[in-house]
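Chemist: Chain A is already provided as a structure; the job is to place chain B on it using the hints.
Chains as they are written, first to last, in my numbering: chain A, 388 to 604; chain B, 388 to 604.
One or more hints might be untrue.
Copies of one chain are not kept apart here, so a pair can be met inside one copy or by any two copies together.
Said to hold, decoys possible - Derived pair list, reagent style DSBU-like, types lysine-lysine, alpha-carbon separation capped at 35 Å:
1. K587 - K561
2. K555 - K451
3. K587 - K451
These aren't lab readings, by the way, just hints derived from the structure by calculation.
Number of protein chains: 2
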Amino acid sequence: MTASHAYSIAERDAVYRVIRERRDMRHFVAGEVPEELLQRLLHAAHDGPSVGLMQPWRFIRIRKPQLREQIHQLVEEERQVTAAALGERADEFMRLKVQGVLECAELLVAALPDGREAHVFGRRTLPEMDLASLACAIQNLWLAARAEGLGMGWVSLFDPQALAALLKLPEGAKPVAVLCLGPVAEFYSQPMLVQEQWAKERPLSDLLYVDHWGAQE
Amino acid sequence: MTASHAYSIAERDAVYRVIRERRDMRHFVAGEVPEELLQRLLHAAHDGPSVGLMQPWRFIRIRKPQLREQIHQLVEEERQVTAAALGERADEFMRLKVQGVLECAELLVAALPDGREAHVFGRRTLPEMDLASLACAIQNLWLAARAEGLGMGWVSLFDPQALAALLKLPEGAKPVAVLCLGPVAEFYSQPMLVQEQWAKERPLSDLLYVDHWGAQE
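If we strip away everything but chain A, and leave its shape as in the complex, we get (with noise of 0.2 Å):
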């Protein structure tokens, strides 16, 4: 027998229910994010597991609000041909609210930097698992930002070549998410896109095999 290192009942608890009530959020009401919290938010992300170690993450906090602005803008113009691409759920697509760029109190942009190609270690065959390493950090930051009480969205409609020179990144670096953060007047109960009726969410039992693709016990 080797010694429990599980953690009690309550701090379980916790972690569990965390991850239960992180919700994706597009919706923010007016209020700031204190500067120590922010980087308590940011140093959790900084924690995050990283293949061979590259800690393929950089945070660019934005501050002027034209910046925010011209994000805003770039993301806009995403949603509009997203929408065109999805045809006959386009309408529909643009009801939904994909974006608090210029609501919430804080927004950072998460990169992939320049010079990535020098990292071999477990990335030889999967050289996206420096994305996969970064995902991970934000998904840290999303936690500890929903035990604070924060809400956090994370946006993927941007042309990245757009957003890579608007914020000046060196060739070979590559933003992946604009993060919106800040207070919420309340979380979803359900993922919003439930809650929209945009999407069903699918049990684990479908998505859960055994040995081999498609077998189940």
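Modeler: Positioned in the frame of chain A, the structure of chain B alone reads:
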């Protein structure tokens, strides 16, 4: 003023604790993961965010000892090729323990499903958002496992085509993670690659900019 949605201090502490203490584990000890506990962990993954609610995660639980042996072998093969690609650090790399496939109590493979091209929402310009969603799900699983006292390691050293063939994935589906899960003697106090002096961590302050790449306050 809106109502505070913040969790209690004890709950917040538990969330930050698990984020801080999660480790990418490569060393496992004998033992089992009770069925009910495994299901809780998988449900935590399934509570992850997903772009356009596409839920692009499939988990394959490996039960056949022969399959486990074959996956171990695939990782061993890629380990050799990666070592060669690393050049002058090859010997150092070969001394690292990079997998616990044979020792861990439970072995899971996480994969992206086929048919992803149908999902345009949030992916028109960033198709890799499906992997980002899957990575967030895996981070949930990782954190929940840590809270339960179980270690997990994400192994990405394998040829995805060979693993896809072994597990009979359909065309268009892609395995991205071999997840080793189970009891551990102890959790690393720092990331194993830091302990083994493979790499040093950079501080958050190096990776945080304001308004433009490289600009700091």
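Chemist: State for each hint whether it applies.
Modeler: Hint-by-hint comparison with the structure:
no., hint, in the structure
1, K587 - K561, "both (31 Å within a copy, 23 Å between copies)"
2, K555 - K451, "within (14 Å within a copy, 51 Å between copies)"
3, K587 - K451, "between (38 Å within a copy, 33 Å between copies)"
Comparing the model with each earlier hint shows no violations; every hint is respected.
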